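Asks: What follows is the residue order along each chain.
4 protein chains.
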Amino acid sequence: MLHHSEVAKHADADSLWVIVKGKAYDLTEFAPEHPGGQRILLKYAGKDATEYLPKEKHLGDVDLTGMEIVAKEETQEEKERKQREANKPAMDECLSLYDFEAVAKSVLPTAAWAYYSSGADDEITMRENRNAYQRIWFRPAILRNVESIDFSSTILGHKTTLPIYITATALGKLGHPEGEKNLTWAGAEQGIIQMIPTLASCSFDEIVDAAKPGQVQFMQLYVNKDREITRKIVQHAEKRGIKGLFITVDAPQLGRREKDMRQKFADEGSNVQRTQGESVDKSQGAARAISSFIDPSLSWKDIPWFKSITKMPIILKGVQRWEDAVLAAEQGLAGVVLSNHGGRQLDFARSGIEILEEVMRELRRRDLLKNGFEVYIDGGVRRAGDVLKAIALGATAVGIGRPFLYAYSAYGHEGVIRAIQILKDEFEMNMRLIGAPTLKDVTPDMIDTTALGHRIVEGAPDYLMRANYEPLAGVGGGLGAQPRLISKENKALL
Amino acid sequence: MLHHSEVAKHADADSLWVIVKGKAYDLTEFAPEHPGGQRILLKYAGKDATEYLPKEKHLGDVDLTGMEIVAKEETQEEKERKQREANKPAMDECLSLYDFEAVAKSVLPTAAWAYYSSGADDEITMRENRNAYQRIWFRPAILRNVESIDFSSTILGHKTTLPIYITATALGKLGHPEGEKNLTWAGAEQGIIQMIPTLASCSFDEIVDAAKPGQVQFMQLYVNKDREITRKIVQHAEKRGIKGLFITVDAPQLGRREKDMRQKFADEGSNVQRTQGESVDKSQGAARAISSFIDPSLSWKDIPWFKSITKMPIILKGVQRWEDAVLAAEQGLAGVVLSNHGGRQLDFARSGIEILEEVMRELRRRDLLKNGFEVYIDGGVRRAGDVLKAIALGATAVGIGRPFLYAYSAYGHEGVIRAIQILKDEFEMNMRLIGAPTLKDVTPDMIDTTALGHRIVEGAPDYLMRANYEPLAGVGGGLGAQPRLISKENKALL
Amino acid sequence: MLHHSEVAKHADADSLWVIVKGKAYDLTEFAPEHPGGQRILLKYAGKDATEYLPKEKHLGDVDLTGMEIVAKEETQEEKERKQREANKPAMDECLSLYDFEAVAKSVLPTAAWAYYSSGADDEITMRENRNAYQRIWFRPAILRNVESIDFSSTILGHKTTLPIYITATALGKLGHPEGEKNLTWAGAEQGIIQMIPTLASCSFDEIVDAAKPGQVQFMQLYVNKDREITRKIVQHAEKRGIKGLFITVDAPQLGRREKDMRQKFADEGSNVQRTQGESVDKSQGAARAISSFIDPSLSWKDIPWFKSITKMPIILKGVQRWEDAVLAAEQGLAGVVLSNHGGRQLDFARSGIEILEEVMRELRRRDLLKNGFEVYIDGGVRRAGDVLKAIALGATAVGIGRPFLYAYSAYGHEGVIRAIQILKDEFEMNMRLIGAPTLKDVTPDMIDTTALGHRIVEGAPDYLMRANYEPLAGVGGGLGAQPRLISKENKALL
Amino acid sequence: MLHHSEVAKHADADSLWVIVKGKAYDLTEFAPEHPGGQRILLKYAGKDATEYLPKEKHLGDVDLTGMEIVAKEETQEEKERKQREANKPAMDECLSLYDFEAVAKSVLPTAAWAYYSSGADDEITMRENRNAYQRIWFRPAILRNVESIDFSSTILGHKTTLPIYITATALGKLGHPEGEKNLTWAGAEQGIIQMIPTLASCSFDEIVDAAKPGQVQFMQLYVNKDREITRKIVQHAEKRGIKGLFITVDAPQLGRREKDMRQKFADEGSNVQRTQGESVDKSQGAARAISSFIDPSLSWKDIPWFKSITKMPIILKGVQRWEDAVLAAEQGLAGVVLSNHGGRQLDFARSGIEILEEVMRELRRRDLLKNGFEVYIDGGVRRAGDVLKAIALGATAVGIGRPFLYAYSAYGHEGVIRAIQILKDEFEMNMRLIGAPTLKDVTPDMIDTTALGHRIVEGAPDYLMRANYEPLAGVGGGLGAQPRLISKENKALL
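Quick note, the sequences are listed as chains R, C, H and D, same order. At position 256 of the first sequence (counting the first as 1) the number is 255 in numbering that gives the first Met the number 0, and the numbers step up by one without a gap. At position 436 of the second sequence (counting the first as 1) the number is 435 in numbering that gives the first Met the number 0, and the numbers step up by one without a gap. At position 13 of the third sequence (counting the first as 1) the number is 12 in numbering that gives the first Met the number 0, and the numbers step up by one without a gap. At position 246 of the fourth sequence (counting the first as 1) the number is 245 in numbering that gives the first Met the number 0, and the numbers step up by one without a gap.
Treat each hint with caution, since some may be false.
Note: identical chains are not told apart, hence a pair may lie in one copy or across any two.
[As the list claims (entries may be wrong)] Computed cross-link-like contacts, EDC-like style, restricted to lysine to aspartate or glutamate with a CA-CA straight-line distance of at most 16 Å:
no. : residue 1 : residue 2
1   : 439       : 73
2   : 306       : 237
3   : 300       : 146
Simulated from the structure, these hints should not be mistaken for lab results. None of these values were measured; they are calculated from a predicted model.
The following block holds chain R by itself, in its conformation from the complex:
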């Protein structure tokens, strides 16, 4: 049995041990992914945090003699959240993937919502991921026989009921005690492939064990500086039947997500925090700590080694320009995911759907698609129509992450099932309406991408003009919707 003073020595980003319900856990690997991630986990210590902690990190029981215990009162905010949870809408009321997000926003603890929903820096890229789809329009064909609609497809040769896979996202238990297993179960039920994340809350084997016989799973990989660890992980995955290795290449360092970072100040008073001595240098330390976990020296030179340790098809996840997609194909890899990590890494990275057009053009120009090289995208997908736009541009399939997280945060794995069913309904509807009975019929002429490059920022508004202008009001609204000039005298009365 460890003494609590021993655990207390491992209190920084290089080695982080925590005590929960008299048990010690080594959470060092969680620190980098989540700036202040310890806080999130510890926050629920009084209740059932053990559920959020991966079993393989358990170090042993702890002797708590002499340790100071801080009891935490339930905050007003938490009380309100619980009331919202008790009154949440029936699942049937969710009509689109947006609705699961709305419910999750309402019922998730603030810290979990902040972690899931945040993006890098000003969150420009995160929102651009959605906006970019709004710049592509359909050119539907009419009078085609669309009685029977088939939206099934294959990914890396494996059948899928939709050209969609569940992409990897971290810390799945923040949203629901069963974490990533919700996704496994729903994927099995609906015939959708799941990509298992490196930073899952459930252990890798738990997630694989949760799969049905024959259910296809992929694995997402953060490459460790210690390549032996990586080799072990990869070869274990292959042995467990994983069908594709998606190496993350857009995260040599994990992004700053200020909304999430700011959350820690909201939790604790700023003076308290100041006296805790969290100085400027410490936060720099966190940044440095990351290099000990994910290898920023990973480069094209490492690709042959990966090919030497596994027979799984290798896909690069996080390609952001055509030059790198071409390199990947030339190196004989199985595919690329055009992705900016859900807007969580580099702000002002373009969206996958925008890049897709240039990538397909350059791959075709070089005849690099002939050997079955596949191109996927992820980021911002909320409607079947979004996916069809990607298919028309040449994508094989599209990854969906947050919407499924939100679905199970709101309603468990049944939420994910319902979300997939909604997508199927939308697919059937949209394919009928564009005149495409199968995905092969979703051809480039079915979309209009003339506005795709129009990344537009509104110019500075002319406030003085706007202040004087009174918006037109129709019948019943009358004149004078905008207040008259506020004189100093009148202002005092406000």
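Fit chains C, H and D to the supplied structure of chain R, relying on the hints for placement.
Replies: Positioned in the frame of chain R, the structure of chains C, H and D alone reads:
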């Protein structure tokens, strides 16, 4: 006499019978068009719902012995609506078509407003229909003799006082007890052609009977899987003197209109609804049910058959790209309506006015206009200026739907008459101001379409910058329109 | 002496007489320009309306025996307006032309504000006039000697201290009892040319008489169907020393300004108005009445006649495309004003500043500038920088209308003087900052017009995404600026 | 000892003396830079204003006998400000440069905030400086070894830890009693070069004395009409070790900043001000006074003279188009700063980052970069990503002004240190994420500038349509987010 237990057996989308005031009706065909359409109709059962139900669907009287009756109280919302109706503005206050919409929004029951006003998915297309007109500007000519202005025209050879027709819209009695007959009467009075919808609340013959001798009417057609039914409908229409057959080709399946769907959850508590057992599968069933009514297998192969059963000119309604307009002309049809179904079917379908430019270019290039092939558009028209833009681009006429529905929902058929008169005033004004005494003078050089393709979405706003920036305030407004930083302490005081 | 019953016979748009303070006036010509214009004038009858009425329209005293008198109470709105007027900011607080507008908005009676500030239809063009300037940017030159700045110029050979003239606007007494004379006095003081409007509140001769010896004035002309009246007006003007004849060519019919029209319903209850029998036909009558005053048959054929009756240089005011500017130059006229009538006539007419570029290009291409043909623009000018952009594009001068109206509505003719001084300050500043000591140095390379054609309308917002997204909040703002999901239960509490 | 009546004679812009705590100061040079600048300084006279006044301006003690003293009460606004200051967030809560601005906005006296934060005219350019960065996107490369990141560089041959320098800004003591020395100290600590402003609150020598041995400083120069003064200043600077002379060329006259100007009216009642007789002419006098301090006749002809009086490298600060950058290089100068003076001079001047592209293209085309000619930009920089975009386009370094002012206004020089550290964190992160281990690897192909020229202004909104449209609301939001039509009756109840 039917026993109510017999009626109760027909309680799903495949066969839907309902009881109103002791009479049974077969409303199966109404179900698909209106997700939850039964509810709308039943909702008013306590009052005068028989007026909303087509006579030909009447199955017979029902023996109500032993049936449980649920009395419905008038809701607070309904009370407020009635008060608004009692205080609605005088019709003369309506100065533009927008005003009728504003009044209708105020006086229509919520469910009716939801049904009429909703669009597909995110309603992007529905709003784009309006926005697209804002991207076309006039190039007015001066010093032309515009003393006498003539905006009369012909459609399929039939005279019209305006290059406008009343297009088909469903469930007309939701807005007014006389339903579509309001449009017939106003069309007669003002010399405007009406297109009769398949899914009218009034029966086809009622609407035809309401016409004045010599009044021109067209018919819109949803094609039934059972072609004999379709043949009967078409040939009956031709016999009754219908002058044009507009086959809807943009609705192999009817669109999801979430605003409307959500309405049903607003009507009833979500728990109630859950216990009613409306499971996920059921709603999927509704989608499938649609195929039994409208034929999704309808294709170009069917066109010769249509030409064989009628001498009426055939027009395809819902063409959305030039390729299909060219096909229609090559098949010898009389014309096409460039339409996205008022934004109620496929989201991200482009607007008719945008497509018009490419369609006319391609038809001219192939010399396909020589045999009198006519091109119409509909969707988003609110001003005579909109129509003139379409005329300048080469359209023969423009269909108007919702604005006339709103006009009679607010003021009966006199509302429609006033709406048409307003359009005539606008036509006279606008044709004078662009220097075109007749519609022939409305030529392509009179518009500037350079911005037509600029479908622009605002980029992600830079919230941190905006939070710091204080908008300029002119004299009287003073500095500091935007609050200073809200500290944690001050926030607690809010 | 007229009997009031005689006056009452002239009660429609064809002949409109009114009684004010026992005197009869013939206001027929005012009706068309101001839909419901009679109302505005009559509204102040109880007070000092005679000041608003042109003397030459006086028909004689009226015998009021037996006439019903309606006394009007001062409304709450009018009381508040007077309070605002008493507390209006000191004139020195006005730092830009916007500020005069803000003060005028505050102190003008509602009807006057509605008349001055309104535009046609949706007021798209009126606002575009301002927006277009925001699409032109400067390319300033540095290290040029800008110690002495000279912004004087000539218009039609007459000296002006600024490349600006006061353009014609109607009904000047609505804003101030001295009406257009405020502009004459300020123009004299500041060395700026005034264009006298046909529809002035002051009589033509009053305005001419108010001028200082040698002060240059132009005249704006609405052409009457009765050309003898027009000939008399023109030749009288020439005799009185008017130096230029600006024939309005963008108003064969006066535009619908709904904000202004709606005002009449705000003044009176709608029921009252309904019982007054103002039927649909009556408002159509108003539209027809306009043809009796302004001649919609005016055409290029009339130009020689104008040249035959006057030696004044003739300029067309309201040209809206290069083809017509070219025609005007080819006909030997002195110039054109590129204008859309301040956005009060045709909605979706482009702005003068946008058209200017194409007009100058085409005139130069045809060598039509050699004989001193001058090009002016008006509409939306608020800053010296706006004018400099026009000069750089090749304009001779720029007309300013509403801002000067607002300036005297707020502070009498001293307001106009101050407004011109502010413009001079801005000219000095801006010419220094772009490196142009004289107007000749303001060359085309000093502006960047690449964005000039970008008339952009924001696409339909993606409301569901936006509802879920929480705008980033910086330090102090905390997380959660946007409310969490509003459940039915919580909603009831709102 | 001066008698106060003597001081009172120097009371206009040509010679402005003020009395503070019984001492007289000559503040003539401060007047032009700060319209109403005297007020700012005098406002704090009751407290510790001597700290804000440069020692070298001290004229001597004053005999106050008989002078009227006006005691100033602490305003409610000032009380609230102090409370905000007492409760300001801990410095660690500042996560980006925006946060320092937010805190400064909260704790700065209103007049100081108005002075620092304001821009010219409508502040379009000031905001465009930020917006322009949003139009450039990254094209990140993957799989490059980014383990070690080096963002050090050189400016004019001098080492810097970041490609950033602290640019010159005026009146530094408004924000903090140590004024510009905060920047010197932080620059020393973090290895960043400071540019010393002409209009500093601290004297030039104070700032130089504050530097550490070997610390590099540049000097910004407003050129005086009296070239002997300028020669003395320049040669003194060179003697004191200044390494670069940045001559401001975008300010022959100082810009109108209306937000700042308006502030004076907020301080004093408008009536008071009116009776003080601050007439129109007086404010014009201020504009004229400026020419006596900064020389508007400065031109290219003066360049040889500058080269004759100093061996320091000479850089032009405020170049705004490629033609002038080319001229500067051809004249053998050391470089240019592409700048619009932080949006404080000419409104509608384009941003430095936009001009940079054309400048580099034209310099390269003429081979003018070969002799080490350097190009800098400033304006709107808030993130390391902004700087990397400039580097990719070819800039040597980027100047940052306001953000550092805000940082020390909020937290003294430690605020500036923290701000620079945040930038370093962002540099490390962003360079890893774009795949560039050193600044040399930040190449043009790493950015997408296709949208750079898209200076877009939102078109006029279609208010009538928007008023009728009900934004979609997802689950929980329900229908009816927008109010129904407001009838006259209901309106009365509001």
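Asks: Are the hints correct? Go through all of them and say.
Replies: Results for each hint:
1. 439 - 73: Cα proximity of residue 439 and residue 73: none, with 55 Å in one copy and 53 Å across.
2. 306 - 237: within (13 Å within a copy, 62 Å between copies)
3. 300 - 146: between (51 Å within a copy, 14 Å between copies)
Hint violations for this structure: number 1 only, all remaining hints satisfied.
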